[in-house]
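Engineer: Could you put together the complete structure from these sequences and hints?
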Amino acid sequence: MKTNAPINEPLIEVQDARLHYHVGGGLASMMGRSATVKAVDGVSFTLKRGESVGLLGESGCGKTSMGRLLVKLEEATGGTIKFDNQSIADLRGDELRTFRSRVQLIFQNPFDAINPRYTIRKSMSEPLSNARIPEGEWEGRIIAGLELVRLPDPVQYLDRFPHQLSGGQLQRVVMARALILQPEFVVADEPVSMLDVSVRAGVLNVFRDVRDRLNLSAIYISHDLALVRYVCERTIVMYLGRIMEDGTTEDIIREPLHPYTQALVAAVPVPSPDQSHEPLPIGRGAPDPRNPPSGCVFRDRCPKAFDRCAQEIPSKTRVGERDVACHLFSP
Amino acid sequence: MLKLVSNGIRSGFRSLRLPVGDPFAVAGLAIYATFLLAAIFADYIAPFDPTEILYSKDFTLAADLPPGTDGHILGTTSLGRDIFSQIVFGTRSALLVGASAAFMVALIGSIVGLLSGYFGGWVDIVLMRLADIAFGIPFLPFVIVLAAFLEPSIWNVVFAMALVLWRDTARVIRSQVLTLRSRGYVEAARVCGSSDLKIIWRHITPNILPLSFLYGSIAIGWAILTEASISFLGFGDPEAISWGYMLQDAFASQALSRQAYYWFVPPGVAIILVVSAGFFISRGYEAILFPKLDR
Amino acid sequence: MTDTLLSFKDVEIVYKVGNMSIRATTGASFDVPRGAIVGLVGESGCGKTTLARAVTRVIADNAHIAHGQILFDGIDLVSLSDRDMNALRWRDIAFIPQSAMNSLDPVYTVEYQLHEVLRGRGGLSRIDARKRSKELFELVGIETNRLSDFPHQFSGGMRQRVAIALALALNPKLIIADEPVTALDVIVQRQILDQLRDLQQKLGISVILVTHDISVVAYICDRTVVMYAGQVMESSDTRAVLNEPYHPYTMGLKNAFPDIKSAGTGLLTPIEGSPPDLANPPPGCRFAPRCPFAEAICRAENPQPREIQPQHIVACHRSQEALQLRTEASKYETWQQIP
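Residue numbers (this note's numbering), protein chains in the order written: chain A, 1 to 331; chain B, 332 to 626; chain C, 627 to 965.
Careful, some of the hints might be misleading.
[Said to hold, decoys possible] Below, simulated SDA-like cross-link-like pairs (lysine to any residue); rule was C-alpha separation at most 20 Å, straight line:
(1) K82/A / R49/A
(2) K122/A / N538/B
(3) K316/A / F329/A
(4) K72/A / T98/A
(5) K957/C / N205/A
(6) K887/C / V265/A
(7) K72/A / K529/B
(8) K529/B / R92/A
(9) K72/A / S526/B
(10) K799/C / V684/C
(11) K887/C / D274/A
(12) K887/C / P281/A
(13) K388/B / G402/B
(14) K529/B / D94/A
(15) K72/A / G524/B
(16) K82/A / G524/B
(17) K72/A / G515/B
(18) K529/B / P134/A
(19) K529/B / F99/A
(20) K635/C / I934/C
(21) K887/C / A266/A
(22) K72/A / R521/B
(23) K72/A / L181/A
(24) K887/C / Q275/A
(25) K316/A / E13/A
(26) K529/B / T98/A
(27) K304/A / F329/A
(28) K799/C / T630/C
Please keep in mind that the hints were generated in silico from the structure rather than gathered at the bench. Values in this document were obtained by computation on a predicted structure and should not be read as measured data.
Structural biologist: Put into structure tokens, the structure is as follows:
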């Protein structure tokens, strides 16, 4: 597969990406309700080849939007996103088709991500047909794809319909479809959150295995820190469209620096009866992407906020191996 | 070869999803089938030429004969024309107008709805403005005005409906497409590189076809009613024997005061049957498409 | 007045689907002590929701309680008339269904909906209802000036608090909550759970918390009941169930849940296979097809629940060997070789 960038260059480069929606209309803005939803508001990070990075945050933080920007399901309203040293904003025609064979998305709800009217075979042949792979090769590749996600005796699934499979099986099929053209980069959008808990482990193990075998670079979107830890060596914590902290997963769990990360880590329940019941170091209230606070977006819930937080948006500061966007660390 | 054809027909029927579960819909389908057969085999079924002015054996005008006289099952009009033959031949213009109008309405409405809903942006804005204009046009007066400009013909109704009545279908199909567009598998198709055309053909169209048929079957009823109204008002084609024309003739011949019920009851009943059949079938489709509505 | 508020005794609930009878639960028995939070945990389809709903009889039309008793303060709820059951609902026992936060009526203010319960069911006067509404909001931690807001103006977490307020309206002795925090983000989840515990301590109510998430149970429940394929597999003090499980299913469940506080990312071990078809359950132990420790007797005979330790019930033929089995169960390979 041809690549533009030399091996040690980042595969993905995001610079100040923004995704702003206009919501409401004349009436809403007359009533003083802000008409812009800032789903992603100035996100910058890089991803190296073979890296798995978790995009962690609660609902409304923009992680799903960021994921969609990366696979070009949405167009950024500001900033740049580069894949393999090339901006993805202006890709058209053949270049776009090539991009689509190198970058894929694994969806959250397997029953929504596959057309219920068509057999597994037909659904999985769609990417093959788009990439103009000769029809004779299809069956072989589909079976190989199903084997890759460890579906036993794959031939039996070819002519079945989605509703005949369980959630776990179908999610593997969704994964197989995403990987059938052997992409270099995959965005997994909460791939196990709709699955029964007992099934998640199996699907996650398959994901890890496949990622290692194909040397995939991946962004794993989730609100569940435990799952992110299982899959990603690095984690980016998002809140209200911005990055709060970016560092190795282990460091972030062991010693969270950003006050939001601290609350997030403290909030994760564990299957042990001997866990802390201390109140969380975070104020109540829900983040509203329509009316984010001025300055640091976390300041209205932050136990350590001070004057500067309201006046100035904190920029990323390097602390050891990590980046933190917090005035506690700003120079 | 035969297998291919039968497979094709079977999958065609399957995508049509004929509502055979609902007894009303089945009745509707039966009525359609009956009238369709009557239209096709009119030459064999009708005992007389519908336009022919008939004379009875004693060389007088066979006018205003009550039903059952002299082989006239439903009697004759004031001009001596056999009513039953007129009804039978009338099915032709009714079904022709109905089917063509329904097809045009469903086709245009579906295409507009599809393009509008899928592409959004200025395509959507322009098309929906057109639909708004179509909504603003009062239908019957429009057809009358059209008839005044063009030659009187049953195709006026079809033409008028094609120009105006696609609006409901377009709106409904558009919102269905909007919903479908955000389904995971449509987005998945985009992400794996499928072209817009491919997505529309493969993922969206099969899901809106039943809706198109629903609105098409409603349109049949409207078309026939409109054609009858136009003919009744005197703007129809006097050469074509349609049920509306029969009603106009009955009215002009003062059927009520003469108590010649057999002049207006047969065409009236025929219209009611066909239009109701259209609605029953559409109700059957509704039950298939939106099963929760039943409860 | 005994220590036990609610007691399930050998409850069997049967669904009729076509001409098939599906036993959603079989021989389910456990106790809910006064003022305790009891977790009812298991994967989907295990019967926990059906059992919870059976208490106030909000089960499907084609389901009925074929056998057993549900004793509430001594009264058998199963044999109560519909009228008496209705009188109990909301007053003594309140049920918060799954996604309750999404079932708030969007066209009425939350105060209106509270009043519906307070005045309609509770017979309170308007003034008393207003007072009580404010009290309830304070109890669940929402600013009282939000009483006049509509459901869509609240976030998911807040709506869940409103659902809890509704459940508490008439001072029930027991609240049954079905997956109350599943759809919520982790921080809100923790806050809601803290709120529930706070209420339990302040008001002395008992709670049955139905969930598939063993971490939630670990955080908040005093007692844990583990269900599988319609049967109670293990039931005891939460600490005992999680730290010293006797049933292989419980052991397997723990492995499937990641623990971020523990060092190292070991492989998550799923329990291979899926629950049995309840229309045709296997003759022996229902977990045997997926159990790494199943033996001949397990496949032949369905083990009866026994009290292996005081207040610790388990349904397993090999419960005597639990110590050994626990060691085996903590190894990844054990769960790979399912027969």
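Engineer: If a hint holds in the structure, say so; if it does not, say that too.
Structural biologist: Hints and how they fare:
A distance of roughly 13 Å separates the Cα atoms of K82/A and R49/A; the hinted pair therefore holds under the 20 Å criterion. Distance hint between K122/A and N538/B is fulfilled; the C-alpha atoms sit about 17 Å from each other, no more than 20 Å. For the hint pairing K316/A with F329/A, the CA-to-CA distance comes to about 9 Å; that is within 20 Å, so the pair holds. At roughly 13 Å between alpha-carbon atoms, K72/A and T98/A fall within 20 Å of each other, so this suggested pair holds.
For the given pair, K957/C sits about 16 Å from N205/A by alpha-carbon distance, which is consistent with the 20 Å threshold. Between K887/C and V265/A, the direct Cα distance comes to roughly 9 Å. Compliance with the 20 Å bound is thereby established for this hinted pair. Only pairs whose Cα atoms come within 20 Å are accepted, and K72/A paired with K529/B is accepted, the gap being roughly 18 Å. For the proposed pair K529/B and R92/A, the alpha carbon gap of about 17 Å is at most 20 Å, so the pair holds.
The suggested pairing of K72/A with S526/B holds, with an alpha-carbon distance near 14 Å, which does not exceed 20 Å. Distance restraint check for K799/C and V684/C: the Cα-Cα separation of roughly 18 Å lies within the 20 Å cut-off, and the hinted pair is therefore satisfied. Under the criterion of a C-alpha separation no larger than 20 Å, the hint pairing K887/C with D274/A is consistent with the structure, at around 11 Å. The straight-line distance between the Cα atoms of K887/C and P281/A is roughly 18 Å, inside the 20 Å bound, and the hint therefore holds.
Restraint check for K388/B and G402/B: the C-alpha separation of about 12 Å stays at or below 20 Å, so the hint holds. Restraint check for K529/B and D94/A: the C-alpha separation of about 16 Å stays at or below 20 Å, so the hint holds. Taking the CA atoms of K72/A and G524/B, the gap is near 11 Å; set against the 20 Å cutoff, the hint holds. About 19 Å separates the Cα atoms of K82/A and G524/B, which keeps this hinted pair within 20 Å; it holds.
For the hint linking K72/A to G515/B, the alpha-carbon distance of about 15 Å falls within 20 Å, and the restraint holds. In summary, the hint linking K529/B to P134/A is supported, as the alpha carbons are separated by about 18 Å, within the 20 Å threshold. Proximity of K529/B to F99/A is assessed by CA-CA distance (about 18 Å); at most 20 Å being required, the pair is judged to hold. Note on K635/C and I934/C: the hinted pairing holds, with a Cα-Cα distance of about 18 Å set against a maximum of 20 Å.
For the given pair, K887/C sits about 10 Å from A266/A by alpha-carbon distance, which is consistent with the 20 Å threshold. Proposed proximity of K72/A and R521/B is supported: the alpha carbons are some 9 Å apart, at most 20 Å. Using a Cα cut-off of 20 Å, the hinted pair K72/A and L181/A holds, with the two alpha carbons roughly 17 Å apart. For the hint pairing K887/C with Q275/A, the CA-to-CA distance comes to about 9 Å; that is within 20 Å, so the pair holds.
Our distance criterion of 20 Å between C-alpha atoms is met by K316/A and E13/A, whose separation comes to about 16 Å. As the CA atoms of K529/B and T98/A are separated by approximately 17 Å, the hinted pair is consistent with the 20 Å bound. At most 20 Å may separate the alpha-carbon atoms for a hinted pair to count; K304/A and F329/A meet this at roughly 12 Å. At roughly 12 Å between alpha-carbon atoms, K799/C and T630/C fall within 20 Å of each other, so this suggested pair holds.
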